[in-house]
Amino acid sequence: MTGTFPSPPDPQGRRRRPRRPVAEHSAGRILVVMLVGLVLAALVNADAMVERAERKPFGPGRDRSLAIWHPVQDVAHVLQLHRLRDLGDRIVGHEDEPRSGGEVAAPEPPVTTTTLPPEVEDLPPELRSPTPDDPLRVYIGGDSIVRDAGESFLRLTADDPLLRTTLHYEIATGLSRPDYYDWPAALVADAEAHDPEVMFVMFGGNDAQGIVAPDGTVHSTVDSPGWKAEYARRVEMVMDSLRADGRLVLWIGMPPVRSPGFQGRVDIMNAIYEAAAEERPWVRFVDLSTVLGDEQGRYVERKDGVDGALRQGDGIHLARPGADYQARHMLAVLREALEELAPAPTSTPTSPPATTSGG
Amino acid sequence: MLFPTVAFAVFFVIAYTVSWLLRPTYRVWLWVMTALSLVFYGWTDARFVWLLLGSIVVNWGFGGAVHRALAADGTPTAASRNLVRAAVVVNLAFLGFFKYYGFFVESFSDALGAIGLDVTPPLLQVALPVGISFFTFHALSYVIDIGRGQLEPMRLDEVALYMSFFPHLVAGPIVRASEFAPEMRRRADPRSIPVGEAFRLIAFGLFKKVVVSSYLASELVDPVFGAPGTHSSAELLTGVYGYAIQIYADFSGYTDIAIGCALLLGIRFPQNFDAPYRSRTLQEFWRRWHMTLSRWLRDYLYIPLGGSRGTVRATYRNLFLTMVIGGLWHGAAITFVVWGALHGGYLAAERWVRERWAAQDRPPVLPPEATALFQWFVTFHVVCLGWVFFRADSVGTALDVLHGIATASGPAPLVTTGILLVIGLALLSQIVPPTAVTRWEQRFESLGLLPQALAVAGALTVIDVLGPEGVAPFIYFQF
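In order, the protein sequence lines correspond to chains A and B. Last residue of the first sequence: number 359 in my numbering, and the count goes up by one each step with no gaps. Last residue of the second sequence: number 479 in my numbering, and the count goes up by one each step with no gaps.
Just chain A, with the same shape it has in the complex (with noise of 0.2 Å):
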């Protein structure tokens, strides 16, 4: 009778080999292994751990974990055990990430300077028309939103020989820690490494944390006058640092989300980000909040013309067809910047215009 099924012949389990003979060990023996082993690794791996509650969200939680941690890092910096996990972070190449010392400072503003572009006139940029050889280089980047929206967008426009995209994003990051992730950074090294004309930027997902001001004050409410200060400080100056000539910045804003509570907070940083592009002309805001919301803005399941949920089950990230949903906007809305943007036709055309007609 069950001869066919292709399950395990013997009910107990079966054993990948035979039983022997085994130097077992008692009980409180494995206790003082076990003991003596975990506290050798937290010692060895000491600085790693400072360093991840160090990346916590501002808060009790992340105070609860660096009082524990700080002591085990003096105590591994005086036995010199944490040299151990220097050498094997050199093997393995990861030496030149980030890592604490003794002295753990309050997170760094971020660290790129605005320096100007080339002198450019406060004007849209011009966009040229990308051809088949030479096509519409486009940049996405941001956080996990902008991920699946980014992926979908690549998978839209795969066979589009106009479009040539690179997409970056980094999960859990945004623009409140950069001592987690220095997105202002990555994105002029990205903007240097792919020269694209076009950047899609969106962030907001983990942004409603505390923040750091560049004089230590911590900023802790997304709503305090101090953190939106410095939340729009460090939008306007990624913005910025992104301006070149040909070049047109499209920052996503955060679409609604279900928590009533968050919805608040990406209120006001999507209140931030349309003031600051609205003062620079190589920036538009892409409001979601009717793409992905109803026609009110308000959160939605499902919306007309979409099969399929739109968000994933936590209320905040995209489900596939919400992601497909949101990169075909953002088509829509590069087509019409392309359109909008183009050179203005040359004073001297070569050819009759395609519109003129014969008499």
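The set of hints was computed from the structure by calculation and includes no laboratory data. None of the values given here were measured: they were computed from a predicted structure.
Covered stretches of chain B, as calculated for chain A (at least 3 residues, CB under 8 Å): (1) 15 to 29; (2) 182 to 195; (3) 222 to 229; (4) 444 to 451; (5) 458 to 467.
C-beta: ideal position from N, C-alpha, C; glycine also.
Following the hints, complete the assembly by docking chain B onto the known chain A.
Same frame as chain A, but now just chain B:
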């Protein structure tokens, strides 16, 4: 709580100490270990602890009622069968609500839309309780085995620990009550713990999960399956191989850690993986992959469907249906149904070919070694074909991957030496002889206390250095 975290390390040391101190007082041990398991389960989201507790009480009640309804000689009666059916319906109703509500509502809405009826039913946001499939499997196994007269009912505190025991709570292995009860009740000897085997399972399980699975996911598999249209044939093919290794490393890594932790607590779980990628037939693959699931499907699905008691055609049908339902169990998506149908169909075809070949009594076409290699190659690629649908977020994406493998030319920057090395070594690990593993364990056991502790610290450091920042949840948590 995730296994590869500092929080779990601290939790486990506490649970281990408490468990061995209380083991002599059986009933206290049961309650305290259950409480600790509930802490483990509710660590990040306490909402579903109540669901688990409800399932424990309901199934304990069903178990007792079913046993009372059995005939005097322990054989099933109409009443006991009806009670078992009721228990199955109740358990599957909860599982179905949490796991398949959205899938069925959307399918229903789409079906009505296809005939011109525009209906938008309420789509509730139903969060999936972690491990609900696994504790439902445990619950069903308990009640059904009592109904078959194969198991005596257990006390409430025993059922509670059986269903909630933290090493197997969220992702298996699926342990039958008839296996767990004697392990739980025996007077485990604290002077005799197979430390070499336990530490080997935990260390290699962590390595597989934290290093191998995470590396392949972030560097190859996620980008390739995220946007297959932008990758070349070589990247797509390597991405499929990479996913085959990723899901094996992820899931077998988890169950290795679970089995190792249980061993340290004096409980032996059944083996769940046995070098599946060395299989030469798909039937053999299922005897080596997720062994406790295939055993569960056989005992509680394939046999009740009729098994191989009927005609040959009925046997093939039962095999196919079992695998399709097994596929649907993995998730509420058509891709999982396709995966199950592919396995079910190929298993049936494989059996048909084998029987025809044997009936013709032909001499082998190829030398035995070449035959074995050919069979391995075909089986591995059939499994990989199934993984394409298993991993893809839609059938369309899966077809894009397969189409791209056949047609997409271009460079392959994602196919690095490191990626090829990891995939190659992972495949080679499937043929490591058991004697080598035994020797490793014996060597560890022969060490003194301090060298053993140094080995533990060294293993944890190596895993942390090589692993990425942060650890993604185990793939099988979602199932």
